[in-house]
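**Q** Position chains B and C against the provided structure of chain A, taking the given hints into account.
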Amino acid sequence: MSRALWAILLVAAAALFPPAAARVFLDTPIEREMGTVQKIFYFHVPMAWCMMLAAVVSGVAAAVWLFRASRAAEALARASGEVVLVTGACVLLTGPIWGHATWGTPWTWDARQVSTALLFLVFAAFVLLRAYGAAGSERLAAALAVFGALDVPIIYYAVKVWKTTHPTTDVVGTLPPSMWRTLFFALSPIAACVAGLVAVRYQVERAEQRLDDLYLANER
Amino acid sequence: MRTGSLSQQAAAPPSGDGYEKVVGRDLRSIELERQIEARAAAKTASDYAHIVWAYGILWSVVALYVLYLYRRVLRLRRDMEGMLPKDAPP
Amino acid sequence: MRGLRQTFLLAANDARQEARHLEVLATALFFDVVVLTLFGVGFAGLSAAALRVALPAMLWLAVAFVGTLALSRLFEREREHETFVALLVAPVDRLTIYWAKGLVGLVVLVLCAGLQLAGLRLLFPEAAALFARPGLLALLVTGGCVAYVAVGSVFASALATDRTRGVLLSLVLYPLSTPILLFALVATRALLEGHPAAGVYVGQLWALAVLLAAAGALTFESVMVPARPGGRSGRRR
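Residue numbers (the working numbering), protein chains in the order written: chain A, 1160 to 1379; chain B, 1281 to 1370; chain C, 4 to 240.
Honestly, the hints are just simulated from the structure, not real lab data.
For clarity, every value in this text was computed on a predicted model and none was experimentally measured.
Cβ coordinates follow ideal geometry from the N, Cα and C atoms, glycine included.
Wrong hints could be hidden among the right ones.
Stated by the list, open to error - Simulated crosslink set (DMTMM-like; lysine to aspartate or glutamate; CA at most 20 Å straight-line):
#1 B:K1323 x B:D1306
#2 B:K1323 x B:E1313
#3 B:K1323 x A:E1190
#4 B:K1323 x A:E1378
To be verified - Some chain C residues close to chain A (C-beta under 7 Å, calculated; not the full set):
#5 L125
#6 V157
#7 S173
#8 T181
#9 L184
#10 A210
#11 V213
#12 A216
#13 A217
#14 A220
#15 S225
Chain A with its partners taken away, still in its complex shape (with noise of 0.2 Å):
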């Protein structure tokens, strides 16, 4: 990974989200049924999306990790997974704000919800475990992310199976064309913004191995 690509993806990102938003709140118009509140959808969305694509990314390079002992794969396995923290906590954190405007309850225990938690939740195991595990603990956190990248297509098809209150999957087709350009290019800041906080952490994992590397050898 270029050491200049997080620079590249962070001013990208901080370039592109001015007139992202000045896109969503001036250019597009309001939603007839839920009103302005559903202005949180266009960043809500793309930052799912960028979740759960951060916990796929994790888990494959978990697997690559766990199955070739790829140190570069361990670093992006943990810099993903982190990041599927700090985006996890804005899904989670957005989304009962949205609720609360437009179906009058925070939290409906709706199946997407809960799925959303629950990744969340297997994230911050991989996390924790990376962080306090006692030595020989990463393999079996290497193989925590792997299910819990598993677990995104349940996500993605828990709505379908469990039909409940939550907008359906299919939500992105039935928006007039206008509000479907206004989400893909609010996804853009935020897609830039994500992959340079993966790079970053990536680059700094790095380091830190190479710092490990080097006390090993200073002590021997």
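**A** Relative to chain A, chains B and C alone:
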């Protein structure tokens, strides 16, 4: 028949005392209009409050993570500087 | 074929040990009875409508608790007697250890779930509706247990081999197994209400069980024995 929200009343016949009744909206229509406006304003205000909270929390979480990363980088740099004198050539 | 025989041999070995001491089964069944008693005391006054919602949760919570207990005991026993290393260096495919342990765990768990079901039927008359379609009920219970054991065996084994015993199995296993419990809950509730889609839900639970068993089989060996950098050379085929 009164259709729509606030239709105009039919013109009143002149009363003969030189005054003419003002033709316009009746009090009920005005009150109704104010009620609807108040409700819409309350809904918009509540919507904006929700939006401000949501966006505030979202970016605060990201900012906190950036702060955590920054502190981690500082610690890493300190550790590296601590290593250097041992490895540096005399 | 050889793998199947090895799996059977390892499972038979575990079963023989279990038959001698009844350690896992006795503790699991006792725990099951304790949980049942608590449910009986705690939920005696519930209305029929509330019970229809609570009964599936009672069944699957008990399975989750008993599963953690039984699986950790199954692997801890090997570690305490220092036979786990012997098992790892034995001339058997390591995957057979996973299948064998899983099989024994599954038998224990299904027995406990059966006891739990019978107890619930005895304590709450509303549970009788579950037995209206016994075949589907059996499939549901087995499917849920297979899915739980598939995930649980991987993590219980990792905790028994590494120095991470301080990290509780439940901490790792509960968040991971909750999707299984959710699917099982939905299916059980559908069965309880005589919903026509109950069969579909049981099918979905089985699909999840197969998926998790495949994932468990893929990861088991790597979780127990570290891979060497760059490939699978460190792992025995």
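**Q** Each hint should be assessed against the structure and marked as holding or not.
**A** Against the structure, the hints:
1. B:K1323 x B:D1306: Distance of about 26 Å is beyond 20 Å: violated.
2. B:K1323 x B:E1313: 15 Å, holds
3. B:K1323 x A:E1190: 13 Å, holds
4. B:K1323 x A:E1378: Status violated; Cα separation ~66 Å.
5. L125: At 30 Å from the nearest chain A Cβ, C:L125 fails the 7 Å test, so the hint is violated.
6. V157: The hint holds - C:V157 has a Cβ within 7 Å of chain A, the shortest such distance being about 6 Å.
7. S173: Violated, because the Cβ-Cβ distance from C:S173 to chain A comes to roughly 11 Å (cut-off 7 Å).
8. T181: 5 Å, holds
9. L184: 10 Å, violated
10. A210: 10 Å, violated
11. V213: 12 Å, violated
12. A216: Because about 12 Å separates C:A216 from the closest Cβ in chain A, which is outside the 7 Å limit, the hint is violated.
13. A217: Not OK, violated: C:A217 not within 7 Å of chain A, min 10 Å.
14. A220: 12 Å, violated
15. S225: With a minimum Cβ separation of about 4 Å from chain A (threshold 7 Å), the hint on C:S225 holds.
Hint check: violations occur at hints 1, 4, 5, 7, 9, 10, 11, 12, 13 and 14; the rest are consistent with the structure.
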